[in-house]
Amino acid sequence: MSVHMLIAGFGGQGVLFAGKIIAYTGMIEEKQVSWLPSYGPEMRGGTANCSVCIDDKPIGCPIVLNPKTLMVMNRPSYDKFINEVQPGGTVVLDSTLIEADSTRDDITVCAIPATQMANDNGLHGLANIIMLGQTLKATGFCSMDVLKEAMKRCIPARKQHLLEPNLRALQMGYDY
Amino acid sequence: MSVHMLIAGFGGQGVLFAGKIIAYTGMIEEKQVSWLPSYGPEMRGGTANCSVCIDDKPIGCPIVLNPKTLMVMNRPSYDKFINEVQPGGTVVLDSTLIEADSTRDDITVCAIPATQMANDNGLHGLANIIMLGQTLKATGFCSMDVLKEAMKRCIPARKQHLLEPNLRALQMGYDY
Amino acid sequence: MAEKYLMKGNEAIAEAAIRNGCIHFFGYPITPQTEVSAYMSKVLPKIGGTFLQAESEIAAINMVLGAASCGVRAMTSSSSPGISLKSEGVSYIAGSDLPCVILNVMRGGPGLGGIQPSQADYWQATKALGHGDFQLLVFAPATVQEIVNLIGTAFDLAEKYRMPALILADGMLGQMMEPVEFPETVSKPAEKPYATTGTQGKRKPNITNSLYLKPDELERTVRERFARYDVIKQNEVRCEEYLTDDADIILVAYGATARVVRSAVEDARACGIKAGLIRPITLWPFPEEAIRKAAARVDHMITVEMSMGQMVEDVRLYANGQCDVHFFGRTGGIVPTPAEVLEQIKKYAGGAE
Amino acid sequence: MAEKYLMKGNEAIAEAAIRNGCIHFFGYPITPQTEVSAYMSKVLPKIGGTFLQAESEIAAINMVLGAASCGVRAMTSSSSPGISLKSEGVSYIAGSDLPCVILNVMRGGPGLGGIQPSQADYWQATKALGHGDFQLLVFAPATVQEIVNLIGTAFDLAEKYRMPALILADGMLGQMMEPVEFPETVSKPAEKPYATTGTQGKRKPNITNSLYLKPDELERTVRERFARYDVIKQNEVRCEEYLTDDADIILVAYGATARVVRSAVEDARACGIKAGLIRPITLWPFPEEAIRKAAARVDHMITVEMSMGQMVEDVRLYANGQCDVHFFGRTGGIVPTPAEVLEQIKKYAGGAE
Amino acid sequence: MEKFSINYERCKGCGLCVSVCPKKILMIDTARLNRKGYNPVEITDRAACISCAMCATMCPDCVITIED
Amino acid sequence: MEKFSINYERCKGCGLCVSVCPKKILMIDTARLNRKGYNPVEITDRAACISCAMCATMCPDCVITIED
Amino acid sequence: MASFHKTNGLTDAVFHYCPGCTHGIVHRLVAECLEELGILGKTVGIAPVGCAVMAYDYFNCDMIEAPHGRAPAVATGAKRANPDNIVFTYQGDGDLAAIGTAETVHAATRGENITIIFINNAIYGMTGGQMAPTTLPGQVTQTTPYGRDVTRAGYPIRMCEMLSTLDGVAYAERVTVTDVPNVRNAKKAIKKAFTAQIEKKGFSIVEVLSSCPTNWGLEPVEALKWLKENMIPYYPLGCYKDATEKGVF
Amino acid sequence: MASFHKTNGLTDAVFHYCPGCTHGIVHRLVAECLEELGILGKTVGIAPVGCAVMAYDYFNCDMIEAPHGRAPAVATGAKRANPDNIVFTYQGDGDLAAIGTAETVHAATRGENITIIFINNAIYGMTGGQMAPTTLPGQVTQTTPYGRDVTRAGYPIRMCEMLSTLDGVAYAERVTVTDVPNVRNAKKAIKKAFTAQIEKKGFSIVEVLSSCPTNWGLEPVEALKWLKENMIPYYPLGCYKDATEKGVF
Ligand SMILES: Cc1ncc(C[n+]2csc(CCOP(=O)(O)OP(=O)(O)O)c2C)c(N)n1
Ligand SMILES: Cc1ncc(C[n+]2csc(CCOP(=O)(O)OP(=O)(O)O)c2C)c(N)n1
Ligand code: SF4
Ligand code: SF4
Ligand code: SF4
Ligand code: SF4
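Protein chains in written order, with the numbering used here: chain H, 795 to 970; chain D, 795 to 970; chain Z, 368 to 720; chain V, 368 to 720; chain L, 29 to 96; chain P, 29 to 96; chain W, 13 to 261; chain B, 13 to 261.
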């Protein structure tokens with residue numbers, strides 16, 4: 795299955811990291827992969843996003859302009875990208891922060907109160923991973939095992955204690 | 795009459811100034827004129843030369859490679875340029891400093907002990923002007939009046955007291 | 368098979384340079400290539416190399432000059448405005464016949480411009496990164512893997528021909544992550560008998576210099592250098608052709624733009640238009656022959672760049688009137704889309720479908 | 368008629384600039400153009416202008432940026448290595464849409480090179496005096512008088528189109544003396560409503576800037592600038608043709624080299640060869656049309672330069688395969704001789720006599 | 029007009045004002061998110077404000093206005 | 029070998045040696061011109077030289093050699 | 013009791029700076045001084061390349077964006093063009109003390125009649141936290157991941173101390189903005205610097221020890237504490253040169 | 013009684029310097045020190061752009077010609093490549109104190125373990141006598157034809173004083189070569205500077221007040237007198253910093 799995904803939110807919400815995990819799933823499955831961040835001059839605040847492509851053939855343009863899947867964690871990004879999603883595509887959004895009001899009926903929208911869930915469950919800062927679990931469920935872009943493996947590889951050795959809460963957040967997002 | 799002259803010597807002997815006076819004669823006669831110094835990195839010492847062209851039509855290349863007239867004041871320049879003089883051309887040399895030993899018989903050589911004459915006559919540093927007088931005599935590139943006028947224009951207002959010895963040197967070179 | 372890593376282009380460059388024996392790096396921060404320095408600063412102190420954040424790009428290129436003169440593989444990296452500042456130094460390194468590698472991760476200009484991808488330094492890279500008659504080896508990778516593969520080549524050729532090599536990348540390549548493998552075989556610094564490493568009292572002094580006050584001497588050194596350039600033009604052109612064999616319309620693009628164009632070419636084929644792509648990998652030496660041959664076969668070529676049109680002049684130069692050479696470009700940090708390029712293809716392909 | 372002065376090119380430039388209202392000069396010494404500064408330093412303090420010897424070429428070009436932004440006519444001058452150092456600043460001035468005049472009295476390169484005349488900075492001047500998409504107005508005078516005549520034009524056009532103008536001269540032109548007249552009518556600095564001279568509380572702040580972080584904004588400013596460039600290409604090409612009407616072989620040369628070629632063309636005519644000369648006076652905009660027309664009429668063109676061959680690529684580009692374009696050049700400070708050029712003419716003219 | 033007012037949309041929730049308020053009547057309102065995604069500051073006891081303008085002096089973003 | 033020797037062709041006639049010679053036995057020889065066009069230095073009284081090497085210490089051009 | 017309104021010296025644009033970044037405080041102080049001295053209408057400001065690059069959007073006076081490090085040269089050109097304008101630069105430590113060292117030193121030694129506001133935050137902010145010339149020994153940055161090792165990366169420069177050796181400098185003072193008294197003191201220094209310029213005394217510089225919470229990896233309040241405890245001992249506050257009383261120019 | 017032969021630290025090439033130019037004296041002193049310290053075979057010298065540009069033809073060791081002002085950066089690259097080499101630069105005042113200010117200051121503050129021989133002759137020699145950063149107030153040069161006017165052209169820089177404020181500097185001394193005792197003293201300083209480098213103490217600089225008879229328009233002997241009477245009062249001789257005793261590095 796090919797991935798053509800845009801992951802967007804505020805800087806600091808971990809959208810680049812979530813994208814990196816997704817990219818790793820492609821690596822594990824020995825596919826062609828690209829991950830491209832948007833990078834701006836503002837160090838904190840402002841919006842951030844990244845494009846992730848996974849495919850069997852070489853990836854041409856790594857910029858995802860019209861995503862098949864949009865994972866979005868703030869209102870400005872939602873406003874900016876909602877109309878760019880491909881017909882038939884999927885949008886996973888954090889309903890704690892975004893009141894979905896698009897009138898598009900040609901896309902699937904999965905709303906999940908990820909930030910709320912993270913705060914309620916002592917998973918501070920892991921709303922992005924909860925979102926990721928939900929995205930997996932909504933699109934099935936890979937198997938849960940592969941995603942878990944990817945997550946392991948993305949967490950550096952000296953931070954392995956963070957693996958457990960991350961896996962918990964992932965499952966919680968998937969199960970929502 | 796057109797001028798195609800190379801004036802060469804040690805830096806400090808006033809060859810550039812002599813060339814400038816010649817260039818001025820062309821100005822006065824409303825001809826096309828060019829004056830081009832060789833310029834090197836050595837501030838003092840080393841050799842210096844300049845090319846002067848005067849003509850009725852626009853001057854193409856202002857570099858005089860094969861002079862019709864060579865006015866030369868040191869041995870290294872003599873060695874360097876003697877074989878470049880056009881057949882039928884004229885060489886005016888300072889015999890105080892140069893022992894002319896060229897075997898060329900297709901050119902006219904005028905030897906004048908200019909440095910000696912300058913020293914003997916209290917005209918220190920005016921060997922170049924003595925040479926100039928001799929060059930005028932040898933080639934007649936302009937009239938004496940025009941040359942004197944040119945000399946006047948080349949000596950700045952605050953140095954007009956130098957005009958008299960310069961004129962004297964000029965005449966002395968001419969009369970030699 | 369070697370392990371695969373998911374790495375940013377900038378990091379992959381750094382790692383590849385180190386693996387190829389370049390352990391002396393002199394840089395100055397600038398977006399979008401700061402990761403190169405960050406990576407170097409992490410690794411080099413641990414392996415006895417030099418990471419030095421210079422006071423400026425000018426200082427950095429001159430440190431490279433000093434280090435290269437002393438025989439080691441040395442590298443610097445910057446982005447457009449910082450590269451401009453290196454002009455004088457690059458001209459000196461070229462004039463001193465020293466090898467080194469310089470990386471330009473291009474961003475939008477002119478002036479401070481922006482920090483998004485651009486290819487508007489093509490002319491500077493291929494014709495005039497400094498005053499005087501000289502050339503640089505210019506490599507234009509299109510994928511992170513290709514960057515890795517080219518670094519060793521860049522050092523080898525720089526040393527072989529005693530001249531600086533420039534890797535011309537852009538913000539997209541520098542910032543994106545792709546899987547990469549690092550080849551097992553790496554290149555090794557060449558012997559450099561001319562290096563200024565001290566006479567040890569055993570030989571005459573070695574002198575690194577670009578000053579020749581006598582014009583005939585200066586001309587001689589320049590002509591000797593250009594004789595080497597001629598050999599390079601014969602032997603070192605690198606270029607990829609994609610679906611050009613049967614193409615009716617041929618596109619020319621390099622670096623990140625070539626990826627977009629490749630997608631567009633595939634889309635065009637899907638629409639029944641026989642499009643092809645010439646992708647110069649060396650921008651200098653330029654693949655003159657490939658262009659010449661292509662121009663003889665098709666009616667239209669389209670050059671696509673992230674600039675207002677620079678490489679297109681070289682394409683026209685070697686097409687030499689044999690076919691029409693069109694240009695499509697976006698600038699200021701905008702990456703052309705495959706759809707835009709497809710539109711151009713359709714425009715000149717003469718209504719196929 | 369105005370009085371004639373016998374002046375060095377460098378001094379004439381200075382005098383002409385001052386007469387045309389440029390009384391702010393920022394320089395740094397370098398052979399062979401030091402006389403420009405020397406002259407300015409003598410005159411400007413007496414007339415309330417600014418002569419400032421900057422700490423470097425980089426500082427000088429940025430002082431020009433500051434002064435130009437504040438509405439005055441400003442100028443700097445240097446020679447090849449010093450011009451390279453100005454790259455970043457020039458790109459900023461272009462990106463900030465400011466007018467100014469820059470003088471390059473070219474000398475041999477690359478690197479420290481030599482101090483004798485050269486034309487090896489043609490590419491730098493016309494294509495890449497800095498990073499990013501931009502152009503300079505480039506003037507190439509061939510006589511001291513022409514320098515004087517072009518300075519006012521350079522300032523006028525720089526202000527009209529809001530861009531830097533470059534006078535591309537060489538050591539020979541800078542150092543030689545020729546008689547000059549200074550035209551009675553001089554150009555005057557234009558009104559500059561965009562100048563940063565203080566709001567006086569009466570208007571919104573003026574901002575001089577080249578940063579546009581949004582790619583679409585940056586692209587828009589670049590495209591606006593290129594639209595102006597198109598107007599310039601239409602209206603501001605300057606070029607002299609000499610004996611081209613009936614010519615069988617046409618030479619192309621600019622600046623000091625054009626003088627040598629002119630002599631050679633006359634010599635060729637004297638030998639019965641119908642040679643002609645196209646002398647671009649503006650190198651950008653380049654006289655495309657003149658080249659195109661000539662290429663359509665003759666079989667051979669010869670470009671002569673004091674370089675290893677730079678302008679020749681532009682000549683080939685616009686000849687576009689219509690005729691053979693040959694190159695003859697000397698470099699490193701050597702000025703070609705009329706005899707050498709004549710030999711080239713004979714070689715391609717096909718044994719006339 | 030209020031003697032103390034907050035321009036919530038300019039606030040970045042940095043807390044510098046909170047740290048210098050001598051009356052300890054400022055707090056970051058974690059329950060609220062402005063359009064830029066920040067939790068803005070809030071005043072807990074308007075009446076206690078002594079208009080010392082210490083908060084405004086430290087605020088990097090010109091968020092707080094004090095009317096005397 | 030001479031205890032004091034002058035390499036006339038290297039000499040530029042600057043006179044720095046002359047100015048420091050404590051015995052005042054050096055002079056610029058205006059009657060002579062070397063190949064570079066300079067009047068070189070000359071020693072007027074060899075016997076008086078005390079080998080102090082003051083001249084050589086000041087000479088910018090390594091013209092003077094002193095054998096001890 | 014005091015009232016407090018945003019000064020007219022600033023536009024209404026919202027700063028793009030990170031939360032708690034002291035660039036905002038210093039901007040305001042400069043703007044207040046310009047307004048209070050009544051010179052806003054004749055001021056030309058020079059923005060650096062650094063986090064303050066967009067200062068041109070914030071100051072309510074004419075502005076020029078300079079190349080990285082060259083603000084003092086741009087300011088020199090501006091001042092020489094119109095000597096009656098008040099000209100200031102606003103520069104970070106990378107801009108002023110690394111790439112721009114020559115321009116800074118020479119504007120100073122020329123006694124160029126301009127004012128420099130120098131933000132020393134011991135790091136390169138805009139580019140993501142690399143070592144600055146002013147980074148403290150041992151300080152971890154993106155390019156000194158093991159802490160600044162002075163044997164490899166050298167020692168921090170103290171600009172006020174260095175510039176004070178130059179005859180052209182009329183006024184040089186180091187201040188900070190860690191708390192209200194220091195903010196008030198900083199404003200005094202900035203006003204004095206502009207006054208020196210108005211009175212044509214020559215070159216004036218105010219170095220402001222500032223924070224970069226983002227790249228220091230600290231919360232804004234903690235960052236100011238770190239500054240007090242670590243930067244001030246290395247960069248003592250105070251006036252390093254004051255020749256404004258003498259009629260030296 | 014002393015013998016005197018040209019040192020093997022110099023090649024046999026005849027200097028291109030003007031008659032009486034003290035560049036020649038300083039060349040000899042440097043070369044003698046290299047020979048006497050036994051380091052000639054492992055020394056890499058960096059030539060500047062200035063009258064000493066062709067120093068690469070004169071020193072009998074490996075040499076690199078650097079771009080104008082960038083010698084300290086080139087030296088840094090050379091030293092970092094091979095830390096066991098002895099690396100020195102030889103620079104004029106235009107090269108070191110104008111265009112090369114940033115490179116000089118930063119090599120110094122880095123404590124780069126190199127030696128700089130700095131020829132301060134108060135003028136640009138090679139280009140024909142323009143003002144240098146060290147030109148004295150009132151001094152006539154090609155670009156200060158009415159004498160250096162400090163209100164326009166600024167004040168001269170005292171480099172030793174300025175650099176001594178930097179922690180990386182191990183040794184900074186100003187000497188001259190106006191007479192035999194001073195020449196001997198200059199040699200002592202140069203030797204000390206190289207010794208500091210051999211002992212890895214960090215950055216060392218010797219500033220030599222020198223003459224440029226040609227561009228000063230004076231006979232060589234007069235020029236040295238002018239130097240004594242005019243330059244020394246402005247640039248006092250002496251040691252400005254000596255941390256070579258301490259084991260700072
Ligand atoms: C010539 C050039 N080099 C480098 C850069 C990249 N750059 C942008 S800002 C900056 C440094 C900013 O640091 P500083 O001056 O300390 O200011 P801060 O961001 O900390 O306020 C650098 C290196 C550039 N834009 N231009
Ligand atoms: C980039 C650059 N700018 C300017 C020059 C011209 N230039 C050559 S030497 C020199 C200055 C020499 O003065 P100084 O350093 O004082 O040495 P001196 O000649 O007095 O020994 C200059 C400006 C150059 N070669 N390169
Ligand atoms: S200091 Fe300003 S920006 Fe920070 S929390 Fe307080 S009001 Fe908000
Ligand atoms: S000091 Fe040397 S060069 Fe000068 S006159 Fe004496 S011997 Fe000759
Ligand atoms: S990166 Fe640092 S200096 Fe820049 S705005 Fe953020 S906190 Fe301020
Ligand atoms: S110009 Fe001056 S510094 Fe240069 S060699 Fe001559 S006297 Fe010496």
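Wrong hints could be hidden among the right ones.
In silico SDA-like links for lysine to any residue, alpha-carbon gap of 20 Å or less [said to hold, decoys possible]:
| # | chain 1 | residue 1 | chain 2 | residue 2 |
| --- | --- | --- | --- | --- |
| 1 | P | K51 | B | V192 |
| 2 | H | K946 | H | L917 |
| 3 | V | K413 | B | G150 |
| 4 | L | K51 | W | V233 |
| 5 | W | K200 | L | C80 |
| 6 | P | K31 | P | M55 |
| 7 | P | K31 | P | I78 |
Example chain V residues on the side facing chain B (calculated, C-beta under 8 Å, incomplete) [claimed, not checked]:
| # | residue |
| --- | --- |
| 8 | T401 |
| 9 | S404 |
| 10 | G416 |
| 11 | Q420 |
These aren't lab readings, by the way, just hints derived from the structure by calculation. Ideal Cβ positions, reconstructed from N, Cα and C, are used throughout, including at glycine.
Now for the hints, and whether the structure bears them out:
{"no.": "1", "hint": "K51(P) <-> V192(B)", "verdict": "holds, 15 Å"}
{"no.": "2", "hint": "K946(H) <-> L917(H)", "verdict": "holds, 17 Å"}
{"no.": "3", "hint": "K413(V) <-> G150(B)", "verdict": "holds, 17 Å"}
{"no.": "4", "hint": "K51(L) <-> V233(W)", "verdict": "holds, 17 Å"}
{"no.": "5", "hint": "K200(W) <-> C80(L)", "verdict": "holds, 19 Å"}
{"no.": "6", "hint": "K31(P) <-> M55(P)", "verdict": "holds, 18 Å"}
{"no.": "7", "hint": "K31(P) <-> I78(P)", "verdict": "holds, 10 Å"}
{"no.": "8", "hint": "T401", "verdict": "holds, 5 Å"}
{"no.": "9", "hint": "S404", "verdict": "holds, 5 Å"}
{"no.": "10", "hint": "G416", "verdict": "violated, 11 Å"}
{"no.": "11", "hint": "Q420", "verdict": "holds, 5 Å"}
In summary, the structure is inconsistent with hint 10 from the numbered list given earlier, while agreeing with all the others.
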